[in-house]
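A.B. asks: For the sequence shown, the positions run 1 to 79 when UniProt numbering is used.
You may find that some hints are simply not true.
DEER-style ranges, computed between Cβ atoms [said to hold, decoys possible]: (1) Ile35 x Thr64: 56 to 66 angstroms; (2) Thr60 x Phe8: 38 to 48 angstroms; (3) Val39 x Thr60: 35 to 45 angstroms; (4) Gln21 x Asn52: 32 to 42 angstroms; (5) Glu25 x Ser53: 42 to 52 angstroms; (6) Asp28 x Thr59: 53 to 63 angstroms.
Calculated from the structure, these hints are not laboratory results. The beta-carbon is built from N, C-alpha and C at its ideal position, and this holds for glycine as well.
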Amino acid sequence: MGYGLGAFLIALGLILALAVQDAIEGVDLQMVGWILTIVGLGVLILTAVTLNSNRRKGTTQTTTHSDGSVSERRTEHDV
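Based on the sequences and whatever the hints tell you, model everything.
C.D. replies: Rendered as structure tokens:
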């Protein structure tokens, strides 16, 4: 939903801001268009950050030594 919604808001916003010449009393359609464009960019950025943060995976290797001590080794890698 994120990328599609962001692209839709950007397209709708740019159409209102740049192509629509009509006027509605009390509503500035150009300003509404620029606001929708900025919100669409925000949705795209948040979607990219959210999906990219889920890609980082890590592993933990636990070793129990003969004297009873335990050591852990953690590694992180991208999928």
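A.B. asks: So does Gln21 sit 32 to 42 angstroms from Asn52, Cβ to Cβ?
C.D. replies: holds, 40 angstroms
A.B. asks: Given a hinted range of 38 to 48 angstroms, is it respected by the beta-carbon distance of Thr60 and Phe8?
C.D. replies: For Thr60 and Phe8 the Cβ distance comes to about 41 angstroms; the hint holds.
A.B. asks: Take the C-beta atom of Ile35 and the C-beta atom of Thr64, compute their distance, and say whether it sits inside 56 to 66 angstroms.
C.D. replies: holds, 59 angstroms
A.B. asks: Return holds or violated for the Cβ distance of Glu25 and Ser53 against the range 42 to 52 angstroms.
C.D. replies: holds, 45 angstroms
A.B. asks: Regarding Val39 and Thr60, is the given constraint of 35 to 45 angstroms on their beta-carbon distance met?
C.D. replies: At 40 angstroms between Cβs, range holds.
A.B. asks: Check the following: the C-beta atoms of Asp28 and Thr59 are separated by a distance inside 53 to 63 angstroms.
C.D. replies: holds, 54 angstroms
Taken one by one, the earlier hints all hold for this structure without exception.
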